[in-house]
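Given next are the chains, with one letter for each unit.
There are 2 protein chains.
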Amino acid sequence: MGIADRKAKEKEELKALILGSAKKLFAEKGIEETTIRSIAKEIDYSVGTVYVYYKDKTEILHDLHQQGFTQLGSEMRALFYVSDPMERLKALGRIYMKFALENTQMYDLMFNMKAPMEFIKANEENHWKEGNDTFGALRKTVKECIDHGYFKGHQLEPLSFVIWGSVHGMCSLYIRERVKAATGQEPDELMNSAYEDLMLMLSRK
Amino acid sequence: MGIADRKAKEKEELKALILGSAKKLFAEKGIEETTIRSIAKEIDYSVGTVYVYYKDKTEILHDLHQQGFTQLGSEMRALFYVSDPMERLKALGRIYMKFALENTQMYDLMFNMKAPMEFIKANEENHWKEGNDTFGALRKTVKECIDHGYFKGHQLEPLSFVIWGSVHGMCSLYIRERVKAATGQEPDELMNSAYEDLMLMLSRK
DNA sequence: CAAACATAATGAACAGTGTTCAAATTATCA
DNA sequence: TGATAATTTGAACACTGTTCATTATGTTTG
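So the sequences go chain by chain: A and B.
Numbered by UniProt numbering, the letters in the first sequence go through residues 1 to 205 in order.
Numbered by UniProt numbering, the letters in the second sequence go through residues 1 to 205 in order.
It is worth saying that the hints were derived from the structure and are not from the lab.
None of the values given here were measured: they were computed from a predicted structure.
Treat the hints with care, as some may be off.
Said to hold, decoys possible - Label pairs and their computed distance ranges (CB to CB):
1) B:Glu-87 x A:His-127: 38 to 46 Å
2) A:Lys-143 x B:Asp-84: 32 to 40 Å
3) B:Asp-84 x A:Asn-123: 19 to 27 Å
4) B:Asn-132 x A:Val-47: 56 to 64 Å
5) A:Thr-35 x B:Lys-55: 19 to 27 Å
Quick reminder that beta carbons are idealized off the backbone N, C-alpha and C, glycines included.
With these hints in hand, go ahead and build the complete structure from the sequences.
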């Protein structure tokens with residue numbers, strides 16, 4: 001079945017082309033400028049073609065958010081070699097924050113926008129695998145910290161969520177342009193010093 | 001000048017009526033359903049009239065976000081009687097979180113949506129008074145905590161931002177429906193236990 | 001090779017959005 | 001009452017996501 005195979009490959013390639021176009025526009029111009037028409041125009045196809053390969057915009061955004069998690073996941077996995085759990089926790093947070101600040105649109109899509117969650121709900125997958133895996137990696141590291149004598153009196157699940165929420169909160173305020181407006185400080189500097197303050201707080205035995 | 005006065009009052013009243021309509025739709029149906037047409041329909045005026053009193057939608061959303069800060073501000077001010085700064089800090093956070101969970105759309109508008117910031121930028125007010133005041137109240141309380149021996153080794157500005165970011169982060173993850181999806185826990189329960197874990201961490205001398 | 005069929009791509013059309021502005025309506029004044 | 005000013009209107013514009021009959025292309029078959 002050579003022809004069928006080739007056709008299947010071509011379909012996949014075109015789908016990837018559409019997603020690539022979406023990714024480019026999304027990263028460069030943000031969600032506002034990433035319209036179906038602009039995606040189609042970028043690759044010289046008609047709007048209708050996009051809908052042959054993606055049933056709607058939320059599916060495109062879901063696929064995109066998945067790519068973001070793939071990247072973040074591989075960056076996080078590169079830290080598994082760090083044996084000391086507290087050191088690893090600190091490094092994890094740094095990587096996470098770095099990813100957020102360097103890929104603001106993508107981070108926004110992954111953790112703030114409604115589209116990916118709506119797609120998951122609409123397809124009743126009922127399971128946010130990407131989020132689950134990422135939070136699982138954090139929880140595992142926090143667990144090891146607890147086993148090493150850190151976080152006395154804390155519970156694993158709430159504590160892990162607090163840590164996630166802390167870094168996510170700072171990143172979101174940064175991305176949604178509340179940092180300078182509210183504090184008057186230089187955002188990038190404040191993000192760094194705040195992260196150090198957070199780590200200081202976490203690493204107290 | 002009786003007539004001019006009355007006209008001015010009527011103008012103000014109609015503007016308030018538009019804002020009230022927007023507020024109602026916004027709280028009940030969210031931003032998606034709060035269209036200019038729906039706002040106009042709610043109060044039996046035409047779309048054009050809305051644009052006589054508001055130059056665009058961001059101005060409406062900015063006025064709305066201002067109302068949210070007025071409410072949050074008064075709820076926070078009710079805690080000034082708490083003399084112990086750490087107790088006050090804990091209470092502040094609770095009130096803040098309660099406000100976020102009970103007014104999800106409004107909180108989202110105040111701290112996540114782009115509209116209010118875009119309005120401020122477009123009118124080069126260059127000063128987010130609402131955010132400044134709120135963060136100022138937090139900073140002041142944190143300062144007092146430091147003066148009472150808490151947060152040794154921490155700096156006021158970054159620390160205050162970390163605390164804000166922590167609570168904001170958890171609230172945002174809740175509102176944007178990432179909590180249950182990522183942790184598998186019951187969101188409301190986790191929010192509470194996480195807040196207690198956070199406070200436990202903060203109140204260690 | 002041509003005709004029949006299957007697959008893929010198209011873009012006009014639809015319903016919705018925010019926004020504008022000439023025209024119609026209403027209120028005020030002389 | 002008639003002229004003038006203020007207010008309200010809603011059709012129209014440019015955009016969005018989405019659909020689907022039509023067209024074009026590729027494949028198989030007699």
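Requested in this report: Hints the structure violates: just list their numbers, smallest first.
Outcome: 3 and 4
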